[in-house]
Amino acid sequence: MESVVPPGRDLDDLWARLRELEDKQALASLINRYIRAVDSFDYDAWGECWAEDAIADMGRGDTLVGREAIIAASRSSQSMFEDSGGVQHVIVNLEFEVHGDVAEGSGNLLFASSPDSVAAPPNRAIGGKYRWTFVRGPHGWLIAHTQLHRTWTVRRAPSVRV
Amino acid sequence: MESVVPPGRDLDDLWARLRELEDKQALASLINRYIRAVDSFDYDAWGECWAEDAIADMGRGDTLVGREAIIAASRSSQSMFEDSGGVQHVIVNLEFEVHGDVAEGSGNLLFASSPDSVAAPPNRAIGGKYRWTFVRGPHGWLIAHTQLHRTWTVRRAPSVRV
Amino acid sequence: MESVVPPGRDLDDLWARLRELEDKQALASLINRYIRAVDSFDYDAWGECWAEDAIADMGRGDTLVGREAIIAASRSSQSMFEDSGGVQHVIVNLEFEVHGDVAEGSGNLLFASSPDSVAAPPNRAIGGKYRWTFVRGPHGWLIAHTQLHRTWTVRRAPSVRV
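The listed protein sequences derive, respectively, from chains A, B and C. Per the numbering used here, residue 1 is the first one in the first sequence, and the count goes up by one each step. Per the numbering used here, residue 1001 is the first one in the second sequence, and the count goes up by one each step. Per the numbering used here, residue 2001 is the first one in the third sequence, and the count goes up by one each step.
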């Protein structure tokens, strides 16, 4: 053996580093499932991404406390799009720091909604920055806290087409 | 040895988990090469991302069958941009599930094209959701099936500048 | 032991492959920190992402040489947004090739700036393609060279709201 590191400790280090990559992968996967759920109006699946006592500040001036309040607010703001329209959350540049069973994260948001997904441009669009805290539950990572800071905002009347 | 897991099985597990991370990395890399090829009008490189018998439903109402038909359709729809314009596929929020030599995936699309890349805004833009099936070939992963569902659509006459 | 690969070489291979995943993760993390710094107007943190002798061609016709010149150019072009506005760099589809202490990379850029982050649409937006060269320094990866090729460009007078 040429290695100066005892094999046992070496393997422990290797496992720890693999687990860190897996945790970051799992946190990115949580955000991807969050997007897929909310953009398909599946609020049950979306609710499973949040801790029961999660807190959300979506940059609208109020703070939502608890999974049920967070779901209700999204359901209300998105209901007009469920029939023929579309909603898209692009959440990228995901950066995570894992500390045991808690993690911090940040990301870029590009949001757009359209009253007619195959024919109409976005009637509303937002660019912003997310900050998150995550907790590890028995079935994986959950969002415990989220804060959205907007960078730009586009509002148009739903009937206007550019 | 403090570990309760036999070292042999432990290492097999470690390898399997590393390979899963590598497969997800390779699938993301396939999408990135796909983007780089199609946005630089390199249809030979783009064709290498698709299985020979791939099926593509790009949300335009028809289904393209076979690599050649898929390439021909893209070449036709993008040809007007090859001289001075630009085409950009942003494909993100990549989520993959690997099952041996087959994988499922989903992602967000933001597409924009412009008749003059340094001076003109997009004359066409699309937001949408991809679903994919991938197969592992002798030289790596290939796209076997893709389906695009649009979320929003912007169409402008090429000469209009906002 | 059922494996045909000698355990020692096997572990070396495993370590090398883990390190490659870690390097790609670290390079993505560099881009994410770059974004977080520049979009919060923290030019000291942003400067730490660049090699001292970095070269940047941002597609504006001139080439910036050295970290200080690169910082000065960004500070100048972004200063009008520091008060109430917002700046957002979305940099995605990150693809890296690592060769020892040097790496090549490419990615998609979506840039938008707004004179009033909670109320105004982007007054300027750019879509483009980055190509990078990175070098590994004593404290991690740094950007040594960057080149931006634009795909589309939106310019509006800051006072116009769509």
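Read the hints as simulated data drawn from the structure, not as lab findings. Everything numeric in this text was worked out from a predicted model, so none of it was measured. Glycine is no exception: its CB is placed at the ideal position from the N, C-alpha and C atoms. Among the hints, a few may not be true.
[What the hints assert, rightly or not] Distance ranges between label pairs, derived from CB positions: (1) Val-65/A with Ser-2084/C: 40 to 46 angstroms; (2) Gly-1137/B with Phe-2041/C: 24 to 30 angstroms; (3) Ala-119/A with His-2139/C: 47 to 53 angstroms; (4) Arg-1060/B with Ala-2073/C: 39 to 45 angstroms; (5) Asp-2042/C with Gly-61/A: 21 to 27 angstroms; (6) Arg-1075/B with Arg-2131/C: 21 to 27 angstroms; (7) Ala-2069/C with Asp-1101/B: 46 to 52 angstroms.
Hints, verified against the model:
no., hint, result
1, Val-65/A with Ser-2084/C: 40 to 46 angstroms, "29 angstroms, violated"
2, Gly-1137/B with Phe-2041/C: 24 to 30 angstroms, "47 angstroms, violated"
3, Ala-119/A with His-2139/C: 47 to 53 angstroms, "51 angstroms, holds"
4, Arg-1060/B with Ala-2073/C: 39 to 45 angstroms, "42 angstroms, holds"
5, Asp-2042/C with Gly-61/A: 21 to 27 angstroms, "26 angstroms, holds"
6, Arg-1075/B with Arg-2131/C: 21 to 27 angstroms, "24 angstroms, holds"
7, Ala-2069/C with Asp-1101/B: 46 to 52 angstroms, "50 angstroms, holds"
This entry does not satisfy hints 1, 2, going by the numbered hints stated previously.
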